[in-house]
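A.B. asks: Residues per chain are reported as follows:
Protein chains: 4
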Amino acid sequence: MSLVAARYGKDLVRVLRVVRRKPNENGKIIHDIVEYNVRALVEGDISSRNLTFVFDQTDGLDTLDLAKTSPHVLSPELFATHVGAFLLNKYEHLSAAFVDIEMLKWSRLAVGEHGVDGVQGSTNGQGHRHSFQRDGEDKHIVNVEVAKSDNGIMSVKVTAGLCDLLLLKSSGSAFSHFIRDEFTTLVEVKDRILSTAVNLQYDFPKYTLKNGLGSIGAMETELEFKKAAELARNVTIDLFTTHDSESVQATLFKMGEAVIAGHKSVEKITYVLPNKHYIPVNLDHLGIANMTEDVAEVFMPVSAPRPQHVARHMRS
Amino acid sequence: MSLVAARYGKDLVRVLRVVRRKPNENGKIIHDIVEYNVRALVEGDISSRNLTFVFDQTDGLDTLDLAKTSPHVLSPELFATHVGAFLLNKYEHLSAAFVDIEMLKWSRLAVGEHGVDGVQGSTNGQGHRHSFQRDGEDKHIVNVEVAKSDNGIMSVKVTAGLCDLLLLKSSGSAFSHFIRDEFTTLVEVKDRILSTAVNLQYDFPKYTLKNGLGSIGAMETELEFKKAAELARNVTIDLFTTHDSESVQATLFKMGEAVIAGHKSVEKITYVLPNKHYIPVNLDHLGIANMTEDVAEVFMPVSAPRPQHVARHMRS
Amino acid sequence: MSLVAARYGKDLVRVLRVVRRKPNENGKIIHDIVEYNVRALVEGDISSRNLTFVFDQTDGLDTLDLAKTSPHVLSPELFATHVGAFLLNKYEHLSAAFVDIEMLKWSRLAVGEHGVDGVQGSTNGQGHRHSFQRDGEDKHIVNVEVAKSDNGIMSVKVTAGLCDLLLLKSSGSAFSHFIRDEFTTLVEVKDRILSTAVNLQYDFPKYTLKNGLGSIGAMETELEFKKAAELARNVTIDLFTTHDSESVQATLFKMGEAVIAGHKSVEKITYVLPNKHYIPVNLDHLGIANMTEDVAEVFMPVSAPRPQHVARHMRS
Amino acid sequence: MSLVAARYGKDLVRVLRVVRRKPNENGKIIHDIVEYNVRALVEGDISSRNLTFVFDQTDGLDTLDLAKTSPHVLSPELFATHVGAFLLNKYEHLSAAFVDIEMLKWSRLAVGEHGVDGVQGSTNGQGHRHSFQRDGEDKHIVNVEVAKSDNGIMSVKVTAGLCDLLLLKSSGSAFSHFIRDEFTTLVEVKDRILSTAVNLQYDFPKYTLKNGLGSIGAMETELEFKKAAELARNVTIDLFTTHDSESVQATLFKMGEAVIAGHKSVEKITYVLPNKHYIPVNLDHLGIANMTEDVAEVFMPVSAPRPQHVARHMRS
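First to last, the protein sequences are chains H, G, D and Y. Our numbering puts the first sequence at residues 164 to 479. Our numbering puts the second sequence at residues 164 to 479. Our numbering puts the third sequence at residues 164 to 479. Our numbering puts the fourth sequence at residues 164 to 479.
What the hints contain is simulated information worked out from the structure, not anything from laboratory work. Here a beta-carbon is modelled for each residue, glycine too, at the ideal position from N, C-alpha and C. A few of these clues could be false.
To be clear about the criterion: a stretch of chain H counts as covered by chain G if any three or more of its residues have a C-beta under 8 angstroms from a C-beta of chain G, and this derived list gives those stretches [claimed, not checked]:
1) 304-318
2) 422-434
Once the Cα atoms are required to be at most 25 angstroms apart in a straight line, the calculated DSS-like pairs of lysine-lysine come out as [said to hold, decoys possible]:
3) Lys-191(D) x Lys-353(Y)
4) Lys-373(Y) x Lys-302(Y)
5) Lys-231(D) x Lys-353(Y)
6) Lys-439(Y) x Lys-302(D)
7) Lys-302(Y) x Lys-439(D)
Working from the sequences, and respecting the hints, build out all of it.
C.D. replies: Structural data, given as structure tokens:
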């Protein structure tokens with residue numbers, strides 16, 4: 164028997180970075196913030212055991228150091244790439260790095276007269292200079308693999324996505340035309356509640372860092388990570404809301420198609436959607452009709468069991 | 164030894180209610196929704212054991228029934244009162260009901276041209292007729308106690324509040340002028356990150372249901388629950404954002420005062436605020452300055468230990 | 164309006180203490196460990212605002228210091244008392260302390276020949292000298308209030324208990340003889356699955372620390388905290404298992420009586436028990452009988468809604 | 164662009180199965196129970212959209228039906244195989260099934276005289292006939308892929324493992340001989356606290372169901388799933404406890420080797436271990452020594468950041 168792979172590193176490196184903009188015309192300083200949970204694992208020559216554990220003992224300090232010095236810190240895709248490439252660049256015996264970032268949601272508050280012109284707040288109104296709110300547990304997710312070839316050239320594979328975006332529509336969703344057999348207890352409905360926690364993930368093509376760390380900035384220009392994140396979110400919410408859906412599947416096929424059609428660099432996109440069931444409550448024995456779509460008004464959320472749908476699209 | 168109290172009922176009764184408005188001038192129907200987690204416990208004559216367990220075996224059906232028939236269902240304070248008063252009214256041997264409601268946050272989505280004039284969405288723009296988003300894990304909380312006296316008259320004590328509202332400001336908060344002794348390792352700072360999960364709870368005066376269930380609607384007119392909820396939330400966010408705080412305590416004193424001053428019926432308000440620490444990362448050994456307020460840009464969120472502050476105000 | 168109370172302190176002070184016993188006859192050293200989550204809040208003269216925040220800025224260091232120096236550290240009841248009394252003793256302007264401890268479950272592993280004679284492991288066999296396993300998420304809970312009177316004498320009120328002990332019996336439990344009305348959908352069953360997460364809490368009489376910190380050790384002798392914890396756990400498991408129960412309520416009445424009867428100092432005990440429902444699955448439409456107690460073999464766990472039972476006993 | 168894969172099914176199908184043994188010599192009936200969380204997804208001909216959603220609408224009823232009728236229900240590996248093979252066998256247009264089972268821990272209670280001879284309880288003593296305790300949040304995990312070839316023959320790939328087994332040793336673990344550079348703040352220690360949540364996963368060779376569903380029982384004989392589960396758990400606990408470890412990595416290399424050496428069918432095993440740090444508390448400024456291994460007694464558990472170690476072994 165033999166050891167075939169060993170990977171080690173730091174998980175749950177939590178970091179918040181504040182970037183203070185230059186004073187505006189009124190001398191006011193606006194803050195931008197990002198909060199990341201970072202995992203960075205490395206692979207490499209494992210013959211020397213503890214001697215290779217460069218990363219373990221630093222308490223994530225290299226990540227935290229880069230959070231200070233990296234010009235890419237506000238972009239989770241670029242920052243993850245920077246962390247991975249930094250490690251491979253610095254430690255010769257390492258051959259691959261796997262950096263995952265979970266970006267927490269902090270939206271700028273907008274509070275009456277305290278806002279700043281031209282800065283968008285999370286609600287209607289001007290944005291506050293340095294105050295933020297967690298307005299949703301949905302997270303932007305980035306997974307980056309950096310590999311170093313024998314000649315020292317590094318290449319990067321970026322996957323990004325969105326998880327746990329919780330949506331509900333109380334109309335405009337049907338479920339019908341399915342196979343009926345002895346296990347089938349479900350009735351067909353033309354209008355129902357549809358709720359889901361959106362998880363989606365899209366892949367970018369492999370990118371070669373021809374000039375090492377100096378090539379990182381150009382990735383955004385070429386691959387347009389920020390645009391992809393906005394597109395995926397907007398398309399998903401827009402189609403969830405407006406598509407008169409025959410089934411969850413039909414809607415998520417449309418979503419995948421729209422993201423690939425709308426972005427030149429997204430090669431593949433995978434949606435994983437659970438149905439979060441809201442079941443009409445049977446009040447028949449009380450003489451109250453609540454079971455058909457025209458009168459259903461009271462629903463019981465049921466967390467388990469629940470359907471799960473997975474669909475993957477590729478650019479053809 | 165003797166049994167002195169027994170309370171029983173249903174916990175985690177989950178219910179979503181859809182209220183369909185009348186068609187607007189364009190024939191469009193707008194939906195309002197509420198999602199509640201309800202706990203309803205009762206006390207009463209306990210001599211007959213199982214015979215008193217009227218409530219246990221109903222699987223929350225009485226609550227779900229009321230979610231259909233109650234005219235008060237969109238107000239968690241009135242609905243909780245209705246559930247409690249309904250039980251005491253129906254079952255003679257019950258003397259008290261304790262109904263707690265946790266209202267989940269569903270905000271109306273606003274999606275481009277699909278919105279409806281005059282209906283506010285969660286973001287800038289018109290609101291969608293029947294699509295919603297969970298834009299925060301903060302919850303509106305209601306605790307109601309209904310008591311029945313020997314003559315059958317019921318009285319109600321309502322407490323309401325807000326929990327888990329997650330806020331962060333990256334400037335405008337100090338911590339200084341505290342006692343220093345041998346345990347003190349903290350340095351004074353004039354500007355720091357302040358983050359907290361707001362929990363607040365306010366009390367209304369006891370209300371007598373002179374006409375039984377028929378008096379419930381009048382409670383809103385007299386006690387103004389909806390206004391209190393909006394005021395508490397707005398005051399809290401506004402002062403968190405704009406008060407140049409010497410300490411968390413100083414700010415929460417101001418918050419409590421403002422809520423009592425701004426609402427005639429709130430008798431008492433209690434704030435419980437943890438500090439969610441964001442600690443500047445020491446990068447000195449890398450030759451990078453990050454520890455003083457003018458250069459601190461990289462912070463590590465630390466969940467434990469954390470300070471907790473409690474302040475209670477009463478109308479004097 | 165006026166501030167009527169302010170309480171502040173540290174929450175989530177996490178600490179693990181290792182106590183190394185003296186070497187045994189074979190020169191082997193056995194370790195005892197406790198892991199606590201501590202919350203310590205104080206009240207006092209609040210006129211001077213920040214100057215009173217003695218406790219906040221220490222990062223829980225006083226608690227951690229006591230974890231090193233307190234001779235009572237292995238008893239959560241005595242240690243909580245020590246933390247509270249220490250604070251009131253040290254800071255003149257404080258009048259009350261509220262110390263809560265959650266003790267995590269670490270049971271000594273027993274591993275074949277590596278065990279130590281006379282030391283009990285978590286499973287059959289000798290216990291290992293310094294290796295432990297989290298064999299359950301149930302926790303021992305302690306809540307202590309220490310108050311200081313004007314003459315400086317401190318008194319202590321201790322409440323302790325057990326939470327989240329997860330039990331299931333697949334026979335020996337019925338539910339019958341309840342009121343039937345229009346809401347009743349439940350059928351009577353003579354044998355069913357009973358599962359619950361036990362939460363219980365018992366109160367000790369107020370204790371005066373006549374000699375200040377020097378009186379803490381005598382509390383155990385007089386009040387017997389350790390015996391109470393073992394008794395409450397054993398009685399609960401024993402009656403859950405062996406009582407042929409007509410209802411959850413009937414069983415928990417017996418439990419409360421047995422704890423008060425078995426311990427001289429327990430004045431009051433409160434049980435809060437949810438029913439964790441396991442519902443027989445209806446397979447009728449597949450021609451398979453699974454709904455009556457003689458044939459029910461497949462059950463679906465349902466987390467919500469669920470009944471909750473509360474019973475409080477006092478020594479009469 | 165084109166849809167390349169769609170997978171759908173049911174998640175969170177929760178089921179508890181009671182198996183009643185034949186009465187023993189004293190006429191007593193002993194119950195065995197298993198509680199599973201099942202996810203079953205399928206792939207197949209996706210051209211017909213909703214018509215393929217055989218599985219979605221059954222509310223997990225096929226799984227629950229099999230929980231009643233399958234002779235393999237007490238083995239999660241065989242039961243998962245049965246669910247997958249059943250679906251592929253029944254629905255012609257399906258080509259693959261992915262069945263994941265999480266088995267919750269229920270250990271038989273042992274309560275004084277109520278036990279049954281020859282039935283092992285979770286603690287020292289005889290086991291109770293039908294009472295159980297959740298003595299740990301660690302779970303046995305099974306992932307099964309069943310594929311159907313064009314000729315209708317099904318083959319099975321089984322992976323199994325253990326997750327979230329929480330262990331701690333307060334001695335017998337060092338960390339030293341690592342690379343030191345400018346990021347290194349950690350000091351070498353010869354004796355420290357080591358705590359981890361074990362996650363491990365091992366693979367069995369592909370198995371062909373030559374006689375369809377009739378071949379499932381023979382899998383246990385050939386592949387010995389039950390023995391593998393016991394071996395992996397025992398080896399892990401035994402080496403965690405007794406291996407005088409230079410580093411987590413060194414110990415987990417030994418664990419992987421021992422499992423492959425001890426079981427003929429395990430082809431590959433992967434361990435993923437976080438370090439759950441317990442850091443000695445610096446009490447220097449109070450004049451108390453707690454930082455070196457001979458005097459360290461008070462530790463602060465720190466959940467983030469934390470190291471993560473991955474090691475994969477293959478039979479060579």
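A.B. asks: Next, verify each hint and record whether it holds.
C.D. replies: Going down the list of hints, with the structure as the test:
Taking a C-beta to C-beta cut-off of 8 angstroms, the stretch 304-318 of chain H contributes 0 residues in contact with chain G, too few for the three needed, and the coverage statement is violated. Residue count for the stretch 422-434 of chain H with a Cβ under 8 angstroms from a Cβ of chain G: 0. That is fewer than the three needed, and the coverage hint is violated. Between Lys-191(D) and Lys-353(Y) the CA atoms are separated by roughly 18 angstroms; this keeps the pair inside 25 angstroms, and the hint holds. Of the pairs offered as hints, the one joining Lys-373(Y) and Lys-302(Y) is violated, with about 31 angstroms between alpha carbons and a cut-off of 25 angstroms exceeded.
At roughly 21 angstroms between alpha-carbon atoms, Lys-231(D) and Lys-353(Y) fall within 25 angstroms of each other, so this suggested pair holds. At roughly 19 angstroms between alpha-carbon atoms, Lys-439(Y) and Lys-302(D) fall within 25 angstroms of each other, so this suggested pair holds. For the hint linking Lys-302(Y) to Lys-439(D), the alpha-carbon distance of about 19 angstroms falls within 25 angstroms, and the restraint holds.
In this structure, the earlier hints numbered 1, 2, 4 are contradicted, and the remaining ones agree with it.
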